[in-house]
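Asks: This is what each chain is made of:
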Amino acid sequence: MTWDMLPALLPLLALFVGSVTVLFLPARRALPFGAWCGLLVIGLIWWPGISSEVPAPLVSSGGFAKVCTTLWALIGAATCLLANRCCLNRRLERREFAALILFAVFGMAILSASTSLVSLFLGLEAMTLAFYVLVAFNRENPTGAEAGLKYLLPGFLASALLSFGIALVYAATGSFDLPEAVLLSAAVAPMSSVALLGWALILSAAAFKASLAPFHLWTPDVYQGAPSPVAGLLASGSKGAVIAALLGSMPLALLDPMRPLLAGLAALSMIIGTFAALPQTNIKRMLAYSSVVHMGYLVLALLADQQTGIQAGMFYVITYGAATVAAFGLVASMSDSGGEPENYAALDGLARRSPWRAGLFTCVLLSLAGFPPLAGFMGKFVLFGAALESGYLWLVILALLSSLVSCYYYLRPIIRMFNVASKEGGGAPVNGGERLVFALCAAVILIAGTYPAPFFRLVANMLP
Amino acid sequence: MNGLLQIPALSVLLLLPLVGALGCLAWDRRAAIFTILLEVGIALTLPSEGGAVSSWIRYEDWQWIERFGARFSLGLDGFSLLMVWLTLVLMAVAIGISWFRYQQAGFYSLLLISCSGVLGVFLAQDLLLFYLCWEIMLLPLVLCIALWGGTKRIQAAFKLLLFTLAGSLLMLLAFLILFLLHGRQTGDYSFALQAVMSTAVPPDLAGWLFACLGLAFLVKVPVVPLHGWLPDAYEEAPTAVTLLLSGVLAKAGVFGLVRLALPLFPATWPDYTSLMAVLGLVSIVYGGWMAYVQTDLKRLVAYASVAHLGFIVLGLAAGNAMAMQGSLLQLFNHGITTAALFVLVAFVERRTGSRKLGDLGGLWARAPHLGGLILFFSLAALGLPGLNIFTGEILILLGAFASRPWWAVVGMVGVLLAACYMLRLVQEVVWGEPRCSETIADLHRGEVALLAPMAGLVLWFGLYPLPFLHLVHNPVENMLVHLVMKGGLP
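If you read the sequences in order, they're chains D and W. Our numbering numbers the first residue of the first sequence as 1 and each following residue consecutively. Our numbering numbers the first residue of the second sequence as 1 and each following residue consecutively.
No wet-lab data here; the hints were simulated from the structure. We put the CB at the ideal spot given by N, CA and C, even for glycine. Warning: the hint list may mix true and false statements.
[To be verified] Covered stretches of chain D (chain W as the covering partner; in silico rule of three or more C-beta atoms under 8 Å from a C-beta of chain W): (1) 370-376; (2) 448-455.
[To be verified] Pulled from the structure, derived: some chain D residues nowhere near chain W, Cβ distances all over 10 Å: (3) Ala345; (4) Val382; (5) Leu401.
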């Protein structure tokens with residue numbers, strides 16, 4: 001490792017240094033510092049003066065990694081801004097909170113930029129480690145502790161699967177390098193069945209993290225117990241990073257035997273997630289099951305041809321991320337010292353009490369349901385188009401059916417919000433940071449839905 | 001024609017309601033009135049600017065999503081012009097009839113968003129844009145039903161949503177497959193309707209795709225086996241939404257059949273005409289029969305509307321110029337008449353507090369203007385010569401007789417049934433002894449102002465439909481030429 005690799009590693013270093021520095025700041029500065037740190041990282045990535053000619057080992061610094069790191073940094077900054085209210089209400093330690101969020105973003109950035117199985121493992125573990133703490137951050141909340149445990153145990157299992165899988169792949173191909181290891185196991189590996197087993201184990205570890213059915217069982221409880229901003233980061237950032245790693249550096253669909261596995265994961269996630277979401281009456285649990293369905297859609301991008309798959313998948317990650325961050329942010333912004341308004345009943349008459357929140361929540365849920373002209377529709381559209389192009393007609397039909405049924409569970413809270421017979425008492429006013437995040441998310445949802453060309457140009461930059 | 005050289009009237013027409021919807025929310029619900037007046041103004045200036053001889057009166061085309069070859073292209077010909085007028089008239093009526101009933105600005109904002117979607121459906125020349133508008137027109141109305149409807153509003157709204165969304169997802173699938181097929185054949189990935197029309201679809205696939213599109217459009221109309229959502233939705237919805245559903249959205253379904261399903265699959269179309277004719281006839285007879293046995297006034301009008309829509313589908317299936325012209329004209333006629341009947345039902349309900357036929361009666365004696373208008377529009381609906389429905393129906397039946405005589409014979413039964421249920425309505429509501437003693441107010445001036453233009457249109461289309469037949473003449477000719485050229489018709 002030499003000095004001229006520094007520009008390539010600068011964003012990652014900034015995240016790491018930031019997460020250490022924030023511990024020494026006064027508590028009230030911690031969360032804003034976290035948000036600024038995220039913006040600083042984005043500046044470092046795109047500043048034209050800092051060009052990275054010499055590639056760093058283990059992590060790439062290409063267009064794909066740049067856009068991904070930008071996304072995670074943005075989501076991390078948004079999480080810091082949204083977390084302010086819930087930290088104050090519940091008297092949580094803001095310094096540790098901000099440090100852990102930055103560390104999780106650090107992990108995501110490594111994960112999505114990894115060019116080697118080693119950095120894949122490191123990134124995934126760094127990210128997960130931060131989340132173990134973040135999920136259970138509110139110790140006084142009994143469901144929080146439960147959620148922490150429920151995230152911890154599958155997390156360990158996933159780590160074990162991942163490391164064993166990596167060992168098998170290395171034994172079979174003799175390479176840690178991505179995507180070389182995939183190509184080797186596709187073509188000439190002497191022990192191709194061992195390699196396949198290894199890849200299957202790695203895939204199942206990834207499925208744990210992305211909560212694809214049948215590895216999704218931890219999701220609803222963790223979402224319910226975790227503080228809402230953390231759940232938002234978990235849903236958009238960590239899952240997005242796992243998917244990005246699968247899209248960018250591990251073209252598993254090149255291995256023919258993996259295709260039925262991927263298709264099966266997608267189909268199961270869509271079916272189980274949809275039916276489990278139907279009877280929910282808790283917003284966070286509903287969003288958890290809906291995220292299972294959305295991850296199922298995203299597997300379609302993995303199955304597609306890699307060029308179109310990356311574009312469709314990353315566009316979908318952007319639209320889904322904006323909607324999810326906004327949804328959990330809204331739940332967080334309506335919380336008071338008594339807790340978060342989790343049940344649909346708490347939404348009754350929100351349109352009267354807080355019209356802007358109700359309007360945004362409606363937009364977000366409709367976007368998740370995939371109604372045009374919102375971003376969710378455009379995302380689904382490109383994703384299903386990509387899957388059709390590679391010949392997965394049955395999966396696309398299944399996806400269309402599941403999005404048809406999904407309208408039911410997305411519309412239920414909307415109707416509660418606009419229910420005229422409502423209880424009184426307005427929510428707390430939206431603070432500045434939240435307003436900024438909400439405006440940004442709303443802008444993404446509306447623009448990506450009506451005029452998505454700039455976003456398509458952005459994701460077209462990500463192609464290798 | 002380049003949209004840059006002149007005011008892009010179609011784009012303004014399409015986007016203005018969205019601005020109006022924002023205005024409603026930000027300022028006051030009066031923004032809705034200004035918007036709709038402006039829209040009517042723009043729509044009335046449209047025909048004077050281009051020759052009706054060329055196939056497009058106006059065409060506008062903008063960059064939209066380069067990556068997918070989707071363009072923001074809008075085209076207006078005689079047929080879409082007729083539909084745009086219908087939409088705006090009915091939208092104005094819908095806003096007018098809700099004005100004193102619903103105070104919330106959100107209601108008007110949703111109506112305007114839906115208006116924008118409907119106009120988009122009638123103008124879009126790009127499959128993706130069409131699909132986008134198709135969904136935009138539906139969702140606001142579903143929300144209107146779910147929030148402002150009757151007692152069973154949630155179920156009704158979900159039923160409507162699921163039925164129509166199932167159809168439109170099939171449509172999306174068909175569009176995507178067409179897009180990919182076209183891209184593979186020509187290397188030019190594009191959603192433009194003109195481009196996709198030239199795609200050679202393998203015959204075995206064409207049947208499936210046509211069925212997907214057909215289902216999507218026929219659910220919206222609806223024809224009889226697909227009408228499950230209709231009674232509840234029409235009954236529970238606010239009057240404004242009911243009249244938009246029957247007057248405009250149903251038309252969008254037929255419009256889709258004529259504008260997309262037919263030109264995209266001209267070779268498949270003849271295989272399905274018999275099925276469509278049978279569906280149309282079943283709708284005519286079943287709708288008429290159901291209308292006859294209803295005791296709820298709104299449901300009666302709803303089923304009558306199904307029966308009339310059956311005629312339109314029959315006319316399309318007949319596939320000759322006369323029947324098709326009749327069908328397209330009938331779209332407008334049916335929209336006006338049915339909307340007027342729904343408005344009248346709402347007036348009756350406001351005055352007597354009931355929609356049950358058993359509770360009403362003797363309106364003629366107590367409120368002569370109201371009774372008179374009910375009689376007038378009922379006669380129009382049963383097809384009295386000289387009023388608008390007759391013009392369309394006679395053209396459709398003559399055309400159908402020319403192609404398959406027995407279709408016309410069964411269709412005539414429908415005309416007879418129309419007389420039965422409409423006269424029953426008149427008898428139970430207008431004539432007879434008053435069943436309750438209190439006096440009721442006659443129509444006030446605002447209400448007359450709402451209905452008078454519609455009555456005028458009924459007379460105009462009944463007595464002198466020629467200018468409007470000219471409007472739809474060219475589009476019908478183009479369609480038939482396309483059908484013959486692509487080997488669809490012998």
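Asks: All the hints need checking, so say for each whether the structure fits it.
Replies: Hints versus structure:
Only residues whose beta carbon comes within less than 8 Å of a beta carbon in chain W count, and the stretch 370-376 of chain D has 3; three or more means the coverage holds. Counting residues of the stretch 448-455 of chain D whose C-beta lies closer than 8 Å to any C-beta of chain W gives 3; at least three are required, and the coverage claim holds. Once the 10 Å rule is applied to beta carbons, D/Ala345 is consistent with being away from chain W; the minimum gap is 15 Å. D/Val382, annotated as away from the interface, has a beta carbon of chain W within 10 Å; the closest lies near 7 Å.
The claim that D/Leu401 lies off the interface is violated: its Cβ sits roughly 8 Å from the closest Cβ of chain W, which falls inside the 10 Å cut-off.
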